[in-house]
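Engineer: Residue-level listing of the chains:
2 protein chains.
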Amino acid sequence: MLAERAFIDTIRKSHGSRNPAVVRGIGDDCAILRPRPGYDLMVTTDLCLENVHFRRKWHPAASVGHHCLARGLSDIAAMGGEPLACFLSLGLPSDLPASWPRQFLQGLEALARSFKVQLAGGDTSAASLITADIVVLAQAPSGKALLRSGAQPGDSIFVTGNLGASAEVLDRLYRGRHVRPSRRSRHFYPEPRVRVGRWLRERGLTTAMIDLSDGLSVDLAHICAESRLSATIRESDIPIAPHANLNLALHGGEDYELLFTASPGLKVPGRIAGVPITRIGRTHPESKSRNSKHYSSAITILGENEQERPLPALGWQHFSKPQKGIRNLSQSRS
Amino acid sequence: MLAERAFIDTIRKSHGSRNPAVVRGIGDDCAILRPRPGYDLMVTTDLCLENVHFRRKWHPAASVGHHCLARGLSDIAAMGGEPLACFLSLGLPSDLPASWPRQFLQGLEALARSFKVQLAGGDTSAASLITADIVVLAQAPSGKALLRSGAQPGDSIFVTGNLGASAEVLDRLYRGRHVRPSRRSRHFYPEPRVRVGRWLRERGLTTAMIDLSDGLSVDLAHICAESRLSATIRESDIPIAPHANLNLALHGGEDYELLFTASPGLKVPGRIAGVPITRIGRTHPESKSRNSKHYSSAITILGENEQERPLPALGWQHFSKPQKGIRNLSQSRS
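In order, the protein sequence lines correspond to chains A and B.
Sequential numbering of the first sequence, starting at 11, is according to this note's numbering.
Sequential numbering of the second sequence, starting at 11, is according to this note's numbering.
Hints listed in this document are in silico derivations from the structure and should not be mistaken for laboratory results.
Hints are not guaranteed to be accurate.
A pair counts as met if it fits within one copy or between any two copies, since identical chains are not told apart.
Stated by the list, open to error - Only pairs whose alpha carbons sit at most 30 Å apart, straight line, appear in this in silico DSS-like list of lysine-lysine:
1. LYS67 x LYS277
2. LYS23 x LYS126
3. LYS154 x LYS277
4. LYS23 x LYS154
5. LYS154 x LYS126
6. LYS67 x LYS154
7. LYS277 x LYS23
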C-alpha cells in the first residue's frame, strides 16, 4: 500500500480546483469554503463499510467509490441542494493492493466531476477492513432547502424513476448468481437525482422530499413522522423496475430515487430533467388512534379491489437483522 | 445494541440546539447551517478506529468520544477557527454493550458543550470493529484563517504547553503497565487549544500554524513544506512534559498543542489563555541542496555545544509501521 503522504499527494494532484466555493482544499489542517452570501449550507455524512455496505468480491472498487459519493449526493438532491465539495475519510487494510484505492478514487472522481464537486479534504488510516466515510457539502438559497417536514394533509405523493432495481441485483448476488457490474446498473452505479431535486426546489412545487435509500416503506414513513401525517399509496401505481417485484419496490433500498409531496392543485410534470415522475398516493391527517412513533402504522397500501392493508416499514429494522427475501447488505442507509 | 432509529432519537434528544449557525440539526437528509455573512467556513474530518487509534481495554468509551472530537477541534484551533457544529459517523459491532456508545457520546458531548459545538448529524451502521469519523465545522472572518503556508524566513517558532505527555502514557500502556485513565491525563482527555488559536488569529501575530497531532518532527516539516522553508530548533528549548523525554517530545504524537511561527519583531506573550508559550527555534530560506519533498532534511536540531544534526520526520512513517520506542497506536493523524 502507498504510504499516507504519497497517497494524499496523489489525491491532491488528481483533484484540482473545481468549485469556486472551495477557497482551500487538501493540504492544511482544515479545508476552507466560502459559501455564496444569502445561501445556506447543507451537510451530510454516509458510512460505506466493507461487508456491511459492499463486498470486495461482488463490487468493483470503482463502483464502491461511485456508490459512496452517490449516497451523499442523493441526500443533497433530496433537499434540492447544489453540491460544492466532498470530504473522504478512508481506512485501508495494509495488505490491500494499491489498485483498489486507485480505482475507488477513479469511481468517486468520475461522479464528482459530473456534478462539479471538489474533493476538498479528509483523513486516511490503516484499518482491518475497508472503511469509507463521505461528507458532502452543498448550498441552497437561505430557507429554501426542501425538508421532510413540510407535507400537508391531502398532498399528492410522487416518486422519480422506478423502484426495486438495486435490491433485485442484490438478491441475485445473495443467491450466488454472477452479476456483471455494468456501468448502467443502478445497483453498481446509482445516479443521484441532483438535477431533479434542484428543479423541484427552484419551482417551489414540493412540500416535502426525501431520497429512497432505505426503501419506499421506510422513507415514506420518515416523511409521515416528520410532517405528522399518514399516507395511502396504491399498489398498481408503484413503478416497479424491470426484473424486480412489488416486494422489492416497496422495501428494497438503495434506489436513490426521490420521494416527494406536492399540493394537489399544482401540476407536476410527468418527466423532470429526463426522469419519469409517477404519482403513487396521497397524505392524510395523522390518525389519532395511531402513534406516529410506530412507523409501521402510518402507511396504508391499496391492493386489488381497493383492499386496504397497513404497510410495515421493514427497511430500518435491517439494522438489527437482514430481512428475508430482501437480505440487504447495507444495514443502515439513513 | 440499540436499534438504529432509537439510537438516533437518543442522540437527537440529548444534543439540542446549541449553536445559532445550525438552522436544522439531526432529523432530515442533511443538516442546514447558516454561516455568518463575511465569514469563511472550515471543515475537518478525522477517523477514530478501534485497534488503530484506540483499544477498548485501554481507553474508556468516554475518553474515546472526547478524543474523537478533540482531534477535530484541534484542527480547527490550528486555523484560529470558532467551532460551530460536528457530525459523527459511527459504526458499532452488534455485540457491543449499549453502555459503550452511551458513554462514548457522553464524553463527546461534554467536550462539545464546553465549546458550544452542536452535534448536528451523522450516520450509524453495523461494523465489525468500532468505527468513528468526526467532522467539525467552524468559521473565521473571510481570508483570516491561519494556514500552514504563511511562514517567512527568519520567523520565530513557538509551541504551546509541553510535549510528549500523550506518547509517554502510550509507551507505558504498550509496556503492559496499568495506567489510570484520569480526567486530567492529556493522553485520555486532550485539551484542544481552541482559545489560544483564536487569540492568535485575532491578534494577527502568527504567520503559520498547525496542531501537533503527528509529533513535532512531522508537523514542523509540514509547515516547512507548505511554506517552502527549512527550520532549526534548539534541543534545550523544547518544553518536555513531566515523565516524558526528548525523543517522545520530538516524535510522539497526539499532544494537540499548537505549533506556530511569528515575525521576529513581534512580541509573543509567555502565556496565552492560561497556556505557556515557548520559543523553540527559527525558520530559514529553503536550502537549494535540499528537496522539500524529503521531509527528513528540512529540520535541523541544535544539541549540546551547538552541535547540529538533521531531525528526521519519524511520525508520518508510522502509517506503514509503528516506530520503535514510540509505537504509536494511531497510524494516521493528519
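Engineer: If any of the earlier hints don't hold here, list their numbers in rising order.
Structural biologist: 1, 6, 7
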